[in-house]
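First to last, the protein sequences are chains A and B.
In terms of my numbering, the first sequence is residues 72 to 506.
In terms of my numbering, the second sequence is residues 69 to 264.
Hints are not guaranteed to be accurate.
[As the list claims (entries may be wrong)] Estimated spans, in silico, between C-beta atoms of each pair: (1) 144(A) to 97(B): 38 to 44 Å; (2) 162(B) to 114(A): 29 to 35 Å; (3) 435(A) to 79(B): 54 to 60 Å.
Worth flagging that the hints you see were computed from the coordinates, not collected in a lab.
No residue lacks a Cβ here, since even glycine has one placed at the ideal position from N, Cα and C.
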Amino acid sequence: MNLLPSAATLAALVKIGLLVGGLMTAAAYLVLLERWIAAWVQDRRGPNRVGIPLTKVKLFGLGQPLADGLKIILKEDFTPSGVDRVLYNAAPLVILAASLAIFAAIPFGSVLPPLGIPGLPDPVPFLVAPGLDVGVLWVFALSSIAVYGVLLGGWASNNKYGFLGGLRSSAQLVAYEIPLGLGLLGVVLAAGSLRLDTIMNAQAETGVWYAFAQPLGFIVFMVASFAEAARLPFDLPEAEQELVGGYHTEYSGIKLLLFLVAEFLHMITAAFLIVILFLGGWHLWGVTGSSQEIGWIQALLRFGILSGKILGVIVFFMLVRWSWPRFRFDQLMNLAWKVMLPLGLVNLVTVAAVEEFRPQLVAALGPGFAGAVAIALPWIACLVGWLVAGVFTPSGTDNTPILTHDPLDIEREMAEHERLERAPHDVSPTLAGSR
Amino acid sequence: MKPTDPAITWLEEKPLGLTERLYLPLFLQGLSTTARHMVSRKVTVNYPEVRPTVGNPLIYRGVHRLNRDDAGRVKCVACFLCATACPAHCIDIVATESPWPDREKYPESFSIDELRCIFCGMCEEACPVDAIELTSLLDLTGKSREEMIFDKEKLLSVYDMTKDAEPMKSKTLAAGGMATFGTAPGNPTTAAGGHH
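Using the sequences and the hints given, assemble the complete structure.
Now the structure itself:
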């Protein structure tokens, strides 16, 4: 009996190790990046002190994540007395486990050149679970489970801020799953696969990223993924100005750390999905090629391009945070149900029609012109849909209180009004009386 | 206050125009503002290495000093006006008979608890002989509470330390005010008015 693990198992373990290590490091350094960008946007310098421990080397503050992590781990892990202990402890585990498990189906590069290791099918893809045909479903199922972490945390804390945060996030995340799914469906329809690596390959082969082929789907998906990652302007579940910390108000120490890491993992996931589904994944015109038989340089180049694009999207996420104020909750819901849902449907129908009639188009117009038409139609749909949504959907809410005309009340108001008229300089009647 | 209160003026909100309803122009506007600030000059400094510039030393309220007169004696006449004006009660003066003929009293001891001080500048305003002044020294640190109670000698030494960079404010103002401080911005009449 062979007790040694097979080459495929070993390869998967190596990939898991690299991915989890990389993601955790990335999450830690994204905190630093977020603080830097926050500082730069506010004309400050940002954290630039902590460098290599026990030396005076500063390295632009690159040691900050280590200090931050150490500090939060060493802090007291305090459990308030009124909490539901089982759920309270389970919530951070649920959210972190789900956010990490998502990456099993997300490719983080293209493929490696043939290694020639016996028992390992070549080429080795940059994907922990290669050949998972339901990759997109896996990603969405697990990101929905991550919502449970937020809900459980908010509920189990037995705290009104936590409860409100959990309540808000349940409504918000449920509402934005739908536009997210609609934006995704257009891509799945066009690529004909639920596998994320196939979707990337499809974009690389045609050279037309789905952001250009389905602009409306891209916008809807982008907005919805901001909301799913609970980033500003959709960060109502935590909204520190109004809810202290939202669902993680009552958490401290390592449990809070798990929540915060999971939040950054959500953002990384959202960036991965935006890049893979709409921005061509590892593809860049004239640089990466589109073939699956590649050398080492190209394999690394593709990995680098994918990472660069993801970093770009994340920086965009962070810039957006400092550019727009938070939506009010009714505006958030209006946007989800009255704007994003119809726009997502418009995109889906347009893409479906284009894909359905593509053979006829090619036969009638020739491949080049048909391709142009297939891109132009979704753009027209995007412009028209955007215009209609902008003109006809309610963008504001009238906050003027409805004045009740109670006759008794009016008489009193009139009397008060007359009294004020007689003494126009006295702003407050009580002050006038005491004089 | 009720919504029907006649003292309230209800303003009609301007209806949103097409560009605002389409959101995209405002989106780009917000993003460009953020991007502009990303690369603009930073207003903070790398503090211990780079010292922040004090805009106008005449109106800056930093560490106190006790001025000396032309003979090198302490200018203070122990009138207690500063201690009376002090809202934080951080000035402690022990007055005694003056050994000099030009005044009746002088401070035997004069101490300021810099930890209690709120740096409001009222002592400087109150002083009739311009003896106590606030310098533009801004980093005041110490390792114990006792160390932070500045006695007369320490306050005089602050004067000795800063007199070249910051001459006495009354003399500066008499000699044409802010003009001597080449870099000092602001309105000279406001600052001068505050000291008379």
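Evaluated hints:
no.: 1; hint: 144(A) to 97(B): 38 to 44 Å; verdict: holds (42 Å)
no.: 2; hint: 162(B) to 114(A): 29 to 35 Å; verdict: violated (48 Å)
no.: 3; hint: 435(A) to 79(B): 54 to 60 Å; verdict: holds (58 Å)
Hint check: a violation occurs at hint 2 only; the rest are consistent with the structure.
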